[in-house]
Amino acid sequence: MSLAGLQQLLTRAVRDTEYRRAVMRPEGLDRAAAELGLTDEEKAQFTAIEPNYFEDVATLVIKQRIVRREAEFALFLNALFRHTPRGRFFEAYHQAVSVGQFGRMEEVRRFCDFAFDYIVDRSLPEHLLDLLRFCSYVCELAETPKEFPEGAQGPLRSSSTLVLRKPYAVVEFRYDMLRLAKEDEEYTADLRPRPTTLLLQRDWRQPKRSRAFDLSDHPLLAELTKGPRTVLDAGGLLPQFSHGFVKELVESLHDRQIVHLMLPAELVGYHPASPAGEPKES
1 MSLAGLQQLL TRAVRDTEYR RAVMRPEGLD RAAAELGLTD EEKAQFTAIE PNYFEDVATL
61 VIKQRIVRRE AEFALFLNAL FRHTPRGRFF EAYHQAVSVG QFGRMEEVRR FCDFAFDYIV
121 DRSLPEHLLD LLRFCSYVCE LAETPKEFPE GAQGPLRSSS TLVLRKPYAV VEFRYDMLRL
181 AKEDEEYTAD LRPRPTTLLL QRDWRQPKRS RAFDLSDHPL LAELTKGPRT VLDAGGLLPQ
241 FSHGFVKELV ESLHDRQIVH LMLPAELVGY HPASPAGEPK ES
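Residue numbers (my numbering): 1 to 282.
Everything labelled a hint here was simulated from the structure, so no lab data went into it. Computed from a prediction, not measured in an experiment: that's the story for all the values here. Ideal placement from N, C-alpha and C gives every residue a C-beta, glycine not left out. You can trust all of the hints, since none of them are fake.
Below, simulated DSS-like cross-link-like pairs (lysine-lysine); rule was C-alpha separation at most 30 Å, straight line: (1) Lys247 x Lys166; (2) Lys182 x Lys226; (3) Lys226 x Lys146; (4) Lys166 x Lys146; (5) Lys43 x Lys63; (6) Lys208 x Lys63; (7) Lys226 x Lys247; (8) Lys146 x Lys247; (9) Lys166 x Lys226; (10) Lys208 x Lys226; (11) Lys146 x Lys182; (12) Lys63 x Lys182; (13) Lys166 x Lys208; (14) Lys208 x Lys146; (15) Lys166 x Lys182.
Quick list of the computed label-pair ranges, beta carbon to beta carbon: (16) Val61 x Pro207: 25 to 33 Å; (17) Asn78 x Leu156: 36 to 44 Å; (18) Asn78 x Asp190: 13 to 21 Å; (19) Asp203 x Ala34: 49 to 57 Å; (20) Ala44 x Asn78: 43 to 51 Å.
Using the sequences provided together with the hints, build the complete structure.
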């Protein structure tokens with residue numbers, strides 16, 4: 001038996017209205033069965049299902065998929081629906097991705113493929129693609145497990161190594177993505193490209209959340225995307241700031257769980273004594 005073929009037939013019959021109507025007719029079912037390699041027994045199993053059942057399931061699936069996509073891509077869709085009807089977009093999407101499993105990242109990828117073609121083929125504003133990419137990266141980061149670096153972590157010392165917490169992604173955009181994300185009306189009223197590089201990072205403090213940093217405003221984070229640095233080296237990378245300021249900055253990044261502070265192997269277990277005042281002269 002070709003269970004995979006039967007499953008594909010059922011899935012597409014639920015998701016694609018025109019296909020469902022076609023396979024409800026004997027000639028349409030015969031044609032689909034030949035394409036999918038179905039047996040007579042499998043065809044009989046399909047025809048035994050009440051047509052109203054397909055309609056009810058199709059309605060439920062459409063609602064569920066729309067709810068998921070609107071939650072994941074709210075920023076993108078809010079902007080998109082200023083340029084295209086919501087119902088027309090979702091109907092076209094639902095029919096275009098009528099085959100496949102329901103894994104979240106697979107659905108996200110297919111949604112992005114469909115939305116890209118929808119925007120480009122209709123010559124819709126190109127900043128929509130930046131919003132689409134932004135939401136896609138945020139979804140992927142939310143699904144990517146946290147990574148803990150090897151080695152011991154410890155308090156802030158000059159020899160401690162700063163490591164960006166993973167997962168994260170460094171992404172280049174055509175437009176000022178943070179102003180788009182904030183729906184800055186002054187910026188969107190006269191929208192022009194402004195290439196921006198963002199650090200997108202999964203938030204370690206809140207589940208399924210991410211945060212974004214414009215690297216032109218965060219020079220230390222920009223350096224850390226190139227690789228780990230010691231606290232002492234960080235001061236050398238930022239000559240425009242005092243070492244005291246850099247130390248406070250590192251403390252803030254660590255407290256907000258943006259970076260790890262890794263101890264050098266030779267200092268693991270070493271606990272320096274607290275200063276006890278100036279030594280007395282003899």
